[in-house]
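Take a look at the letters that make up each chain.
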Amino acid sequence: MRLVACDAAALALGLAPGLTLADARARVPELLAFDHDPHADRLLLAWLANGCERYTPGCAVDPPQGLILDITGCTHLFEGDEIALAVDLQRRLRRHGFTARTALGATPDSARAKARFGVSAIGDLPVEALDMDAGTHQALRRSGLRYIGDLANRPCQPLAARFGKACTLKLARLLEEEDPHITPRRVPPVIRVERNFAEPVARTEHVLAVIGQLADESAEILRERGKGGRRFEVSLFRSDGHVARLAVDTGTPTRDSALLDRLIRERIDTLADPLDPGFGYDMIRLAVPVAEALANTQMGLETKVDTKAANAALIDRLSVRLGTERVRHFHSHESHIPERAVAERAALSGPPTGEWPKPETGEPPPRPFRLFDPPQPIDVTAEIPDGPPHQFRWRRKLHQVTRYEGPERIAAEWWRHKGGYELGGGGLTRDYYRVEDNEGRRFWVFRHGLYGQEKADPGWYLHGLFA
Amino acid sequence: MNNVRALPDSVLAFCHIGNWRKDKTSQDADLLPLGAPNVDSRLHGGLMRNALHEVFAAQGEDVAPASAFALLLALRLHLPGQRIFWVAEEKQDRTTGRIYPPGLAGLGADPAHMVIVRTVSMLDALRAAADIIRSKAASAVILEAHGSAKMIDLTSSRRLALAAADAGALALLVRGDATPMPSAASSRWQVRSAPSEPLAANAPGFPAFDISLLRHRGGIHPFEARIMWDHEQRIFHDAPLSGGLSAIVSGGKADPGTRASA
Chain W
1 MRLVACDAAA LALGLAPGLT LADARARVPE LLAFDHDPHA DRLLLAWLAN
51 GCERYTPGCA VDPPQGLILD ITGCTHLFEG DEIALAVDLQ RRLRRHGFTA
101 RTALGATPDS ARAKARFGVS AIGDLPVEAL DMDAGTHQAL RRSGLRYIGD
151 LANRPCQPLA ARFGKACTLK LARLLEEEDP HITPRRVPPV IRVERNFAEP
201 VARTEHVLAV IGQLADESAE ILRERGKGGR RFEVSLFRSD GHVARLAVDT
251 GTPTRDSALL DRLIRERIDT LADPLDPGFG YDMIRLAVPV AEALANTQMG
301 LETKVDTKAA NAALIDRLSV RLGTERVRHF HSHESHIPER AVAERAALSG
351 PPTGEWPKPE TGEPPPRPFR LFDPPQPIDV TAEIPDGPPH QFRWRRKLHQ
401 VTRYEGPERI AAEWWRHKGG YELGGGGLTR DYYRVEDNEG RRFWVFRHGL
451 YGQEKADPGW YLHGLFA
Chain C
1001 MNNVRALPDS VLAFCHIGNW RKDKTSQDAD LLPLGAPNVD SRLHGGLMRN
1051 ALHEVFAAQG EDVAPASAFA LLLALRLHLP GQRIFWVAEE KQDRTTGRIY
1101 PPGLAGLGAD PAHMVIVRTV SMLDALRAAA DIIRSKAASA VILEAHGSAK
1151 MIDLTSSRRL ALAAADAGAL ALLVRGDATP MPSAASSRWQ VRSAPSEPLA
1201 ANAPGFPAFD ISLLRHRGGI HPFEARIMWD HEQRIFHDAP LSGGLSAIVS
1251 GGKADPGTRA SA
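Line by line, the protein sequences give chains W and C.
All the letters of the first sequence, read from the start, carry residue numbers 1 to 467 under the numbering used here.
All the letters of the second sequence, read from the start, carry residue numbers 1001 to 1262 under the numbering used here.
Chain W with its partners taken away, still in its complex shape (with noise of 0.2 Å):
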């Protein structure tokens, strides 16, 4: 077992990562250790990017255990000055009982490296701050080369045809010549919109109070840009760090503030646990991750329910409530087997889709009106055994048939299984029958399977009832 990491103490008496414990035992007998669990670690970072996206959209984690702000364009809140933004990270940082070491630089990898190894002058970092192979470092070393700064003056083509080219690239980027720009956690979102508070918020209606406002704001952002939103987040972020997420979709883009309040409001309603304010929110944030072009409607004089508005609007509220896959379209399925020519899928997803058959004149409906998925097993009395049903049993009531109609036979979907085309081998056929009892009941039965052929004693389904 080796040491993964030390805190500032244990540094300080000489340990380090790698060392054996056994080894770090001999040295330190009243050493404190614990298992070393790299999921919680993962946790833990992603729950300080989390706070940390107060300061920026743009925030990576760079395990194991840093962080990496894109603070560019973000330091309003500081006066312009990045220092300050820094010193308030550390410092919220430190009421967790975090140490943290904070650097700033004009690309990722020196601002990583100047925190890592806490040199402030890129020149002085050690070639380690490479981040190349143990191999690499060792041999620029051997040869007189210690610190960046004594690779910065030298030509590239030599470094690169000793070393590689990622040699002089990582180079590149230490130096600042060249930006690779982060990959932030979360895309930023096309608008956002945000309230610092001097005094934390904890009161519920005063959160939704500036919600609205906010919703407000962002409407008109989206009016300006002629764009409409599909998704909304708000984030709250507690002046303890923690950062409560709520998002409410749309099945239509929109930039109506007043529905939008609705839905969050709609949304908090619904929450499993409530919000927590704790000791109270000191900024929240409204972003539209998702958006699409809206073109202004022209509003009439007369006040008309426009109904395809009040249903999407409708459908987005009942979504928001009661979970997405519960607000259904019926979809049409190419399929010749009954229960898979039909798809339900969540209203927001899109509009129904597909053709249904239209009904004939002069002909009864040929498909039920309400369908058992799976099938219901049937005693079914048959006069003969390919025949049609004389008297069938269902949740133990008989059932004497009058009428009926049939045998429409359909074939299971051979092309799906393998040897399909041999009888019987693409799966078992149906012969539907649309039968009426002497109560005047209309019931959809079928018998699965050939009698003689595909098998020898065919058993019997209810499949659907008929209004």
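If you're looking for bench data, these hints aren't it; they were derived computationally from the structure.
Just so you know, not all the hints are guaranteed correct.
[As the list claims (entries may be wrong)] Derived pair list, reagent style DSSO-like, types lysine-lysine, alpha-carbon separation capped at 27 Å:
| hint | chain 1 | residue 1 | chain 2 | residue 2 |
| --- | --- | --- | --- | --- |
| 1 | W | Lys397 | C | Lys1091 |
| 2 | W | Lys308 | W | Lys358 |
| 3 | C | Lys1136 | W | Lys308 |
| 4 | W | Lys308 | W | Lys227 |
| 5 | C | Lys1150 | C | Lys1091 |
| 6 | W | Lys358 | W | Lys418 |
[To be verified] Derived, one-sided and incomplete: chain C residues facing chain W with beta-carbon distance under 8 Å:
| hint | residue |
| --- | --- |
| 7 | Pro1065 |
| 8 | Ala1068 |
| 9 | Gly1103 |
| 10 | Met1114 |
| 11 | Val1117 |
| 12 | Ile1132 |
| 13 | Lys1136 |
| 14 | Ser1193 |
[Claimed, not checked] Label-pair restraints from in silico Cβ distances:
| hint | chain 1 | residue 1 | chain 2 | residue 2 | range |
| --- | --- | --- | --- | --- | --- |
| 15 | W | Ala100 | C | Lys1150 | 53 to 61 Å |
| 16 | W | His417 | C | Ala1200 | 35 to 43 Å |
| 17 | C | Gly1168 | W | Lys358 | 28 to 36 Å |
| 18 | C | Lys1150 | W | Glu344 | 27 to 35 Å |
| 19 | C | Asp1093 | W | Lys358 | 20 to 28 Å |
| 20 | C | Asp1230 | W | Glu334 | 28 to 36 Å |
| 21 | W | Arg42 | C | Thr1179 | 54 to 62 Å |
| 22 | W | Asp379 | C | Ser1148 | 24 to 32 Å |
| 23 | W | Ile410 | C | Asp1093 | 46 to 54 Å |
| 24 | W | Trp415 | C | Thr1179 | 33 to 41 Å |
| 25 | C | Ser1148 | W | Glu339 | 26 to 34 Å |
| 26 | W | Asn296 | C | Ala1200 | 27 to 35 Å |
| 27 | C | Asp1230 | W | Glu325 | 30 to 38 Å |
Since the model is a prediction, treat every value here as computed from it, not as a measurement.
Idealized CB from N, CA, C, for every residue including glycine.
Got chain W sorted already, so can you dock chain C onto it with the hints?
The following block gives chain C in isolation, referenced to the frame of chain W:
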């Protein structure tokens, strides 16, 4: 009761006199005729549009005809561009079967105009139904409940009925496997399947229902009728007088009262 026209004197006593001078056309607009002359004449024109109606399944197996009757009422009303919302608890699918769109199409409905809402609990279903009615986006809302749903009481049905009256929507409550309890519904029906008019080769014919009015807020006396659905015209017809044949074949309850009055 602002939408009753040409009432016989005995029934007039149940109406508010204040409103009955209203414009005749607007009164007509407030009523939803079924299309079957026998039923419409007994209802004095039809069912109230902006109200809650209850449809009870006569027996457990009659859920399909009861819900179909509710759907067909909604279809009678259906206005272009407006949706029909079907709200039900998710767990019901297993006992009653799920709504099957090709079957809807066969009844003359457009499945693309249906929105299915499946909720976890009856409470959610009631809330959703009330919201849908109030939004004015739906022409009709069908709420399906099975068993003795305790949530559906006088208060909740009154909430739905008031919302329907305010927003001008048709609200239909389908109850399966339940006994009628006091409610604020404008009318209460019991529906069962009726033997159909056989087609050639004794094939089952067009959908037929035995409907019986159990209760009506306007004071219309309970009656029973047998009606058939015509999916092309989207209209109910009275079961033909010569339908004695189906009654004999079925051995079922041919209703002499209906027949005499038809």
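Now for the hints, and whether the structure bears them out:
no. : hint                             : verdict
1   : Lys397/W / Lys1091/C             : holds, 23 Å
2   : Lys308/W / Lys358/W              : holds, 25 Å
3   : Lys1136/C / Lys308/W             : holds, 11 Å
4   : Lys308/W / Lys227/W              : holds, 18 Å
5   : Lys1150/C / Lys1091/C            : holds, 16 Å
6   : Lys358/W / Lys418/W              : violated, 34 Å
7   : Pro1065                          : holds, 6 Å
8   : Ala1068                          : holds, 3 Å
9   : Gly1103                          : holds, 4 Å
10  : Met1114                          : holds, 6 Å
11  : Val1117                          : holds, 5 Å
12  : Ile1132                          : holds, 6 Å
13  : Lys1136                          : holds, 6 Å
14  : Ser1193                          : holds, 4 Å
15  : Ala100/W / Lys1150/C: 53 to 61 Å : holds, 57 Å
16  : His417/W / Ala1200/C: 35 to 43 Å : holds, 37 Å
17  : Gly1168/C / Lys358/W: 28 to 36 Å : holds, 31 Å
18  : Lys1150/C / Glu344/W: 27 to 35 Å : holds, 28 Å
19  : Asp1093/C / Lys358/W: 20 to 28 Å : holds, 27 Å
20  : Asp1230/C / Glu334/W: 28 to 36 Å : holds, 30 Å
21  : Arg42/W / Thr1179/C: 54 to 62 Å  : holds, 58 Å
22  : Asp379/W / Ser1148/C: 24 to 32 Å : holds, 30 Å
23  : Ile410/W / Asp1093/C: 46 to 54 Å : violated, 22 Å
24  : Trp415/W / Thr1179/C: 33 to 41 Å : violated, 51 Å
25  : Ser1148/C / Glu339/W: 26 to 34 Å : holds, 31 Å
26  : Asn296/W / Ala1200/C: 27 to 35 Å : violated, 60 Å
27  : Asp1230/C / Glu325/W: 30 to 38 Å : holds, 36 Å
The earlier numbered hints that this structure contradicts are 6, 23, 24 and 26.
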